[in-house]
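Given the coordinates of chain A, assemble chains B, C and D onto it according to the supplied hints.
From first to last, the protein sequence lines stand for chains A, B, C and D. Note that our numbering numbers the first sequence so that position 243 is 243, with each residue one more than the last. Note that our numbering numbers the second sequence so that position 168 is 168, with each residue one more than the last. Note that our numbering numbers the third sequence so that position 292 is 292, with each residue one more than the last. Note that our numbering numbers the fourth sequence so that position 306 is 306, with each residue one more than the last.
Think of the hints as simulated: they come from the structure by calculation, not from any bench. Keep in mind the model is a prediction, meaning the values are calculated, not measured. Be aware that a few hints might be false.
You can't tell identical chains apart in this list, so a pair holds if it fits in one copy or across any two.
[Claimed, not checked] Capping the alpha-carbon separation at 20 Å, the derived lysine to aspartate or glutamate pairs in DMTMM-like fashion look like this:
1) K306 <-> E216
2) K43 <-> E235
3) K306 <-> E341
4) K306 <-> E235
5) K197 <-> D175
6) K125 <-> E233
7) K306 <-> E278
8) K179 <-> E237
9) K265 <-> E216
10) K128 <-> E233
11) K268 <-> E216
12) K179 <-> D260
13) K125 <-> E216
14) K213 <-> E264
15) K279 <-> D338
16) K134 <-> D266
17) K6 <-> E146
18) K197 <-> E66
There are 4 protein chains.
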Amino acid sequence: MLFKGKKRISVGIIGGAGYGGTELIKLLLFHPHASLTFVTSRKYSGLRIGEVHRFLRGLTHLAFVEPDIEKFPSDTDCIFLATPHGISMNIVPEILKAFPKARIIDLSGDFRLDNPLVYKQYYGKEHKSPALMKNFVYGLTELNRENIRQARYIANPGCFATGIIFALYPMVKHDFIQKDVTVVSVTGSSGSGEVPKDVTHHPMRAKNFRSYKILEHQHLPEIEKFFKDSFSEWEGEIGFIPQSGPFVRGIYTTVSTYNDRISEKDVKDAFFSEYGDEKFIRIVGGSPEITMVYASNYVEVSSVYKRNFVIAMSAVDNLVRGASGQAVQNMNVMFGFDEDEGIQFPGMRP
Amino acid sequence: MLFKGKKRISVGIIGGAGYGGTELIKLLLFHPHASLTFVTSRKYSGLRIGEVHRFLRGLTHLAFVEPDIEKFPSDTDCIFLATPHGISMNIVPEILKAFPKARIIDLSGDFRLDNPLVYKQYYGKEHKSPALMKNFVYGLTELNRENIRQARYIANPGCFATGIIFALYPMVKHDFIQKDVTVVSVTGSSGSGEVPKDVTHHPMRAKNFRSYKILEHQHLPEIEKFFKDSFSEWEGEIGFIPQSGPFVRGIYTTVSTYNDRISEKDVKDAFFSEYGDEKFIRIVGGSPEITMVYASNYVEVSSVYKRNFVIAMSAVDNLVRGASGQAVQNMNVMFGFDEDEGIQFPGMRP
Amino acid sequence: MLFKGKKRISVGIIGGAGYGGTELIKLLLFHPHASLTFVTSRKYSGLRIGEVHRFLRGLTHLAFVEPDIEKFPSDTDCIFLATPHGISMNIVPEILKAFPKARIIDLSGDFRLDNPLVYKQYYGKEHKSPALMKNFVYGLTELNRENIRQARYIANPGCFATGIIFALYPMVKHDFIQKDVTVVSVTGSSGSGEVPKDVTHHPMRAKNFRSYKILEHQHLPEIEKFFKDSFSEWEGEIGFIPQSGPFVRGIYTTVSTYNDRISEKDVKDAFFSEYGDEKFIRIVGGSPEITMVYASNYVEVSSVYKRNFVIAMSAVDNLVRGASGQAVQNMNVMFGFDEDEGIQFPGMRP
Amino acid sequence: MLFKGKKRISVGIIGGAGYGGTELIKLLLFHPHASLTFVTSRKYSGLRIGEVHRFLRGLTHLAFVEPDIEKFPSDTDCIFLATPHGISMNIVPEILKAFPKARIIDLSGDFRLDNPLVYKQYYGKEHKSPALMKNFVYGLTELNRENIRQARYIANPGCFATGIIFALYPMVKHDFIQKDVTVVSVTGSSGSGEVPKDVTHHPMRAKNFRSYKILEHQHLPEIEKFFKDSFSEWEGEIGFIPQSGPFVRGIYTTVSTYNDRISEKDVKDAFFSEYGDEKFIRIVGGSPEITMVYASNYVEVSSVYKRNFVIAMSAVDNLVRGASGQAVQNMNVMFGFDEDEGIQFPGMRP
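So here's chain A without its partners, still in its complex pose:
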C-alpha cells in the first residue's frame, strides 16, 4: 500500500553528520518508497554527502545544507531529527509551523518523556517545548504499533531503552517481577557518537570494560514511562547499570529478577506469546549474540529460569535497531508501507 498514491514520499533529515544520521541517510537512499530530498549539517554544510561519507559516494548528489527550515521542500512528507539531545525541542515548534502536515520522527531524547521536570533531572536542561511532549508517540515499533500507526509525531526510543524494553516486556506484562529487577546493559563505542572523547580513545577503549552513569542514565525514565503507560499498575524498581565494552556496534542487555512462584514454562511461554510472530524479533536458545544482529534491524531475545531466577537477555545493533533502523520501521508503519521495507538487511557472518 502506498501513501496517498505517491510512489515515493519526500523525506528529509535534520542532523546528518553523526553516526545515527549517516546510517539513516544510507537506509533512506535505498528505501523503495522514500526520496531523500535534504540533509542538514552545520558542520558539513555545502559539502556533498559522498565527500564527507565516502562510502556513500555515487549514491546521491545531495549536499549537506544548513538547517534553514523555511528552505526545506514544501512537499516534505516526513522529517527525521537526528540531532543531539536538546536541539529538537527548540526546532520542532518551527517545523510544526512551517510543515503542519509533515510527520516527524525525532531520534533524540527530547520528546520521549512527558514530564519536563524529569527531563531536566536526567538531561540537565530545561525543556523548551513542554507543551509538545505529550504529542509524541513512543516509537518502540512492535510494542506500540497501533499507536504508531495513528501517530503524527514519533519519539524514537533510545538505544539502551530499546534493548532493555525488549528484554523486560514479557517479564513485566506477565508479572514476573515481584519488586525489583537488575538491568545490566553493555554498549559498543559507536553509541558515544562521532566526536572523539577519552572514553572512546582506542588505546584505552580497546582493552577496557567499565560502568558509567550507574543507576542514573537518561534512558531509565523513558523505560519506566513506557511500562507505566503500558501497564498502569506497574510498580517495579529498575536497577539499571550501563556499561561500555570494547566493541563498535551492539548493545547486549541482561535482566535478572528473583521469583519463586513461577515455572520455566511460564517464562518461555511469555516470551513466545509476545514475540513468536514478530519478523524482526528472534527468540533464541542459549544467548543472544550481538554479532548475529550486526548492522541489522533484528532483535535477539532469550530467557532462562533456574534456581528461582528469571533471566532475560537481548541483543540489538545500537545504530540500526537502536536508532535509524527503528526510525525507518516507524516511518513504514506510519505511512502504511510494508514494515520491513528498506531495513531487510539481515546482518552478516562473521
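Here is chains B, C and D on its own, set in the frame of chain A:
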C-alpha cells in the same frame, strides 16, 4: 623472613603449557625467593620452555618434562598444579606419597569444594579423591589469609570466583543482601584457554558478546561454599550469569541487590573497612576498569548505593589475580615471604 | 535485460558452510534475478540454513543438502562452488556431464591457473582435471569484463589477488615497474575460514600482527598469470608478503616500486584512466581504508609518487569483493543483468 | 658497577602525562639504581601521580609539578624529556645551564637530526637550538652502544625508526640494498598519544587499516642520518610507508629489496652476526609477532631470501622499546649499570 634459612625455595609446576601455567612460569622465574626446578607438559615434553614460549627465551634453560612424579627433585618445597579440571584429583595422592613435606597449590577446580556430589554436578565427573577435599584451604588470599598461612594445601580460586567474591564480600559480611543478588561477570577470551574453539574463533569473538552456562557455572558452588564457610548463617541466593566479551584479559563483575534499609554511607564504609588496608585492592570511585589491572595482581572494586539498589563492581586480570598471581601470593603467605614478592607488576597504560 | 526471458535464473551453491558460502547465500537470497534452489554442505546436511546461520532465519526455507549432483534441479542455470581448494577440480567434470548448459563460478583456487605443475607447487597436490584448467576465465570483473561476458566457466579470484591486482594493474599497464615491485598485503581473520585454528585464536590474534607464507603464497601465481595474459611482454618480479592483522574483515594492500623516469601526474593519470568510470572502484586521496569498504563490493585505491617511489594501495572486503560479491558480479555480467544487482550494499559508518 | 659509589642515581622526568612518560615513571619507580625525584606535567600539576594514573597508586608519593627547572633537586643526575616535539629544543639550554653535570635523555624528535633545515622540513617549525643538535648521541642502544657509553646527551630514537633500523641494519651493513628499499611499518594506536583524535576514535580505528604521511614521515630523516653516520658511503633510497592498524601496542616493520647477487645464507649470516649475541634481540624463524614483545624491551627480527627478494621484519613495543624502555636502557649504559636493569619484563602470553 625466609623459609627455613633457604634463600630460595625449590618449586615446580605440573601442567605448564596453558595460559595459567605460562604466566606462572614467568612469575616464578623472576621470583626472588623461588627456584623453578621443573615444569611438566605432556604436549611439549622435551622442548625447552623458551622454544615453546619464545617470550621466555633466554630466561631459563629448563625444558618441559613428562609428569613423572618420582623424577621430581627430592627437595621440592612447593608444587603448583596448573592442569585442567579433573587431573589433580588423580595425581595429588601420588604427590602426597612422594613429597609428604611439600606444599601444594592447585589452580584447578578439583579441591575447591568439599562435597563430591556437588563436584560431580558441576564438573560432570566423579571425584577421585573425595577424602582429600577437606584438606585444601581456599586460596582467596586477602579474605582467607590466616588459614592460608597455616595451610599445606591450597585450592586456588577460580577466575570468576575471585572477581565475584571480592565484589560480594563486603555486601555479605555487612548483611546487605536481603534475599537474592544478581551477579553478571564478563570474561576475556584468555579464560577459555590455549586451545582454539568456536567461542574463541577471532572472526566471531572479536565482534561478539554473549552469555553462557547461565545460572549453572562451576564457579558458583565455590562462591557459595566460601560464604557459608565464612558466615555460617548466610542464606542468600546468587544468580550468576557468566558472559564472554571481545577482549583478551580481564574479568569485570557487577553485583546488584535491592535493599531499602541501608544508606550510601553504610555501603561505602563496608568496602572501606574490608579493603582499605589491602595493598592489592584498589577502592575506586566510579567504575573499576579492566585496563587498570591488566596483567597485574591488583583488584579494583567500587560500590554505588542509589534508588535502594546496592551495586558493587570489581575488575581483575583473569590470568594473574584469577590464577597464577594469586597462586604466587598464596605461596608467599605460606612460606612467610613478603606477600607481594614477585607479583609487584602494576599494570600499564594503555 | 533478462536471461532468456526468465525473470529469475535458477542458481545453486556447492559448499555453503564456510564464510564465503554464507555470504553468497545471503547475497543470492536478496538478488532480484536469481532463485537459490539448493545449497550443499556435508557438515550441515539436513539442517535448515536458518538453523545453522540464524541471521538468515526466516529468509529461506531451504535446508542444506548433500552434494549429490544428480539430485540438483535440472533447470539449474548457474552453479557456484564455494568449496575449499582441491574439491572443485574433482567435481567440475561431473557437473559438466550432468549440467552441460549451466554456468559455473568456482570460488576456490582450482581453476585460476592453467599449469598443473604450478598448481601442484603452490597447492601441494596433483590437479585432477588439468585439461579443464584453460576453460575457465579469470573473474576479476572490471579488468576482464569482456571475457567474462562470453564465459561459461569462471575462476573467481583469490581475496589477496583481488586487492593486489587492483593496486598493481595501472602500474603494470603503464609500465611503471622497471624490474621489481614489493607487495605487502594484510588480511583480517575471516580470511582463514570458519574452522578455529591457532592463528585465529582470539587471545593471540586480537593483539598480534605477523607475516606468513612470505614470497610463497598461492595467490602469487594467479597474479602473475593475470598480468602475463593481459600484457604478454610483462616481466616484472613480484615480492609478495602476506600478513595477518587483528581485524575481522578486509584486505589492505600496499605496493611499492622505484622509478625515477616518471612524474606524479603520470601516476595519477594512470589510475584515473583505468578506474575513473568504474562504479565499484573509488579512487581516493590519502589512503584507502578497510572500514570504508566493509561488507561491500567496493574497492578503494589510491596512489602516491614521491622521492622516486611509486606507491599504490587498495582496500577490499575479503568476503564480498574478495569472494562472494565478485562472484555475483560475475554472474551478473555473464547473464546480462545490471552489474551491481544484488551487491549494492555500500558499507556502513562506523 | 654503580655510579660514583651511589646506590641509586637521582632522576627526573619532564613531561610525565603522556603514554611514554607514564611508562617511564613506572620503569623508573621499579629501577634498582634510580630514585625518581620529580615528574613534571602542566596538565596534572599538583595531583599525585597515583591519582592521575591509578595503576601507579601506592607506588610513589610524588605529585606532578610544574616544569620549573630551577626547582628541580640540585643533585639530579639524569633528566628525561618526554615532551611532545618542539618543547625540548626550548628547555634543553636552560637545563644545561642549571644542571651542567646532569645527563639528558630526550625522547622527543628535537635532537635526533643535526640539520635544522631538515628539522624544519619534517617537523614544520624552526629549530630553536640548532647549535646543540650535534651534541646529542642517537640512542639506538645495541647499534650505537659505544657512543652512548661516552655520551652526556641522548636523542632517544623514534618508535618507527627503532623498529625500522633494527630490520634494515644488517641489510645496509652487508650491502644487500642495491638501490632502493621499501619499508612498510604498522603502528598501534598508542603511538598517537593520549589525546583523543579522529584517527584514534575507537568506532573507526577498531575496524580500520590505513596509511598516512606516505613517504614523508618525520622518522625518515633520522633513519637516513643514522645510516649515513654509520656507513658513510651509504646511498640507498628508502621508501617509507607508515600505517596504522587496529591494535594498541606494537610496531611491525617489513622491509623489502631486490637483489639477485646474494644467497639465503648471506642474509641469515648477516642477521646472526649482528644480533646473535644481543640479549634483547630475538632472531626468529617465520615472522616476528608484536604479541611476543608486548610491553617489553625486546625486539624480534627475522629475514627471508627467496625469488631474489630480501625481506626483513621486526616487531617492537612502541612505548617500551620504541620510547621509555630504550631510554632506560640508554641510562643504564651511560651510568654503567647492567644494561637490562629495570627493563627485564619479558612480555606475556597471551
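The hints, checked one at a time:
1. Taking CA atoms no more than 20 Å apart as the test, K306 paired with E216 passes between copies only; the shortest distance there is 9 Å, against 29 Å inside one copy.
2. Within a single copy, K43 and E235 get their C-alpha atoms no closer than 44 Å, and across copies no closer than 48 Å, so neither meets the 20 Å cut-off.
3. In this homomeric assembly, K306 and E341 never come within 20 Å of each other (Cα to Cα): the closest approach is 39 Å inside a single copy and 43 Å across copies.
4. Taking identical chains as interchangeable, the C-alpha atoms of K306 and E235 lie at most 20 Å apart only when they sit on different chains, with a minimum of 17 Å there against 24 Å within one chain.
5. In the homo-oligomer, the alpha carbons of K197 and D175 never lie at most 20 Å apart, since the shortest distance is 41 Å inside one protomer and 39 Å across protomers.
6. Taking the closest pair of Cα atoms, K125 and E233 never come within 20 Å of each other, the shortest separation being 30 Å inside a single copy and 49 Å across copies.
7. With identical chains, the CA atoms of K306 and E278 are never at most 20 Å apart, being 26 Å at best within one copy and 36 Å at best between copies.
8. When the C-alpha separation of K179 and E237 is checked against a cutoff of 20 Å, the pair qualifies both within a copy, at 6 Å, and between copies, at 16 Å.
9. Taking the shortest alpha-carbon separations for K265 and E216, only the inter-copy value of 18 Å comes in at or below 20 Å, while the best intra-copy value is 34 Å.
10. Taking the shortest Cα distances, K128 and E233 never come within 20 Å of each other, neither inside one copy (30 Å) nor across copies (55 Å).
11. Taking the shortest Cα distances, K268 and E216 sit within 20 Å of each other only across copies (18 Å), while inside one copy they are farther apart (31 Å).
12. Taking the shortest Cα distances, K179 and D260 sit within 20 Å of each other both inside one copy (12 Å) and across copies (12 Å).
13. Taking the shortest Cα distances, K125 and E216 sit within 20 Å of each other inside one copy (15 Å), while across copies they are farther apart (45 Å).
14. Taking the shortest Cα distances, K213 and E264 sit within 20 Å of each other only across copies (16 Å), while inside one copy they are farther apart (33 Å).
15. When the C-alpha separation of K279 and D338 is checked against a cutoff of 20 Å, the pair qualifies only within one copy, where the shortest distance is 12 Å, while the shortest distance between copies is 30 Å.
16. In this assembly of identical chains, K134 and D266 lie within 20 Å of each other by CA distance neither inside one copy nor across copies; the values are 35 Å within and 40 Å between.
17. In this homomeric assembly, K6 and E146 never come within 20 Å of each other (Cα to Cα): the closest approach is 23 Å inside a single copy and 40 Å across copies.
18. In this homomeric assembly, K197 and E66 never come within 20 Å of each other (Cα to Cα): the closest approach is 26 Å inside a single copy and 26 Å across copies.
The structure does not agree with the numbered hints 2, 3, 5, 6, 7, 10, 16, 17 and 18 stated previously, though it agrees with the rest.
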